[in-house]
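**Student:** Here's the letter readout for the chains.
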Amino acid sequence: GQNIDQPTEMTATEGAIVQINCTYQTSGFNGLFWYQQHAGEAPTFLSYNVLDGLEEKGRFSSFLSRSKGYSYLLLKELQMKDSASYLCAVRNNNAGNMLTFGGGTRLMVKP
Amino acid sequence: DVKVTQSSRYLVKRTGEKVFLECVQDMDHENMFWYRQDPGLGLRLIYFSYDVKMKEKGDIPEGYSVSREKKERFSLILESASTNQTSMYLCASSFPHENSPLHFGNGTRLTVT
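Residue numbers (the numbering used here), protein chains in the order written: chain A, 1 to 111; chain B, 1 to 113.
If you are wondering where the hints come from, they were derived from the structure by calculation, not from laboratory data.
This one's a predicted model, so the numbers in the text were calculated from it and none came from an experiment.
A couple of the hints might just be wrong.
[Said to hold, decoys possible] Keeping only pairs whose Cα atoms sit at most 27 Å apart, straight-line, the calculated DSS-like set for lysine-lysine is:
#1 81(A) to 3(B)
#2 53(B) to 70(B)
#3 110(A) to 68(A)
#4 68(A) to 81(A)
#5 57(A) to 3(B)
Let the hints inform the model, and build the full structure from the sequences given.
**Tutor:** What follows is the structure, given as structure tokens:
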């Protein structure tokens, strides 16, 4: 089976930087995805990591360490519209390459 | 842009009713998925399909079945709805490549009374 852990909630200030962590335990790791989900809306794809290191996309970056079973999503220059849930999902090639999601981290950005 | 369309945004059904949730995607994706999303439990995979007429159980298939008669359409069926199936249901699709992200529909909020 798989175990994916994320903090339930985080609060940050507009303009600041926030790091959302995700730890996982899985055999057959085959990639990690981050999604953003605004309340009442569909999750939308943010980033994908399969090799160790940092992937940068504008204000958002995602980091992966396979040996530690650890990833983080870094959001810079926070805006009010970044208030959303952030979902970490791990692909497992021992389970038909299915994606398993963590419970999500609800981020509240305050002025 | 990929569009994944779920037929209903909100549904209210009675216990014991047969319920059909429909999902259509327009990007010729081979893979399609049904998840349910509950507070504190995240997204859990019910069923998925890698091709027409093909289906595989996910983590929580009990009480559900699926149908994929055409590539673009994946239906979730609740044979006899129960109150513990009250949830947000999300359909998703993707290409089969390992780095292909899922594209989600807007969800169907089902209430079983």
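**Student:** A separate judgement is required for each hint: does it hold in the structure or not?
**Tutor:** Hint check results:
1. 81(A) to 3(B): Holds, because 23 Å separates the two Cα atoms, which is no more than 27 Å.
2. 53(B) to 70(B): Since the Cα atoms of residue 53(B) and residue 70(B) sit roughly 8 Å apart, the hinted pair holds (cutoff 27 Å).
3. 110(A) to 68(A): violated (32 Å)
4. 68(A) to 81(A): Given pair residue 68(A), residue 81(A) is violated - Cα atoms ~31 Å apart, limit 27 Å.
5. 57(A) to 3(B): holds (23 Å)
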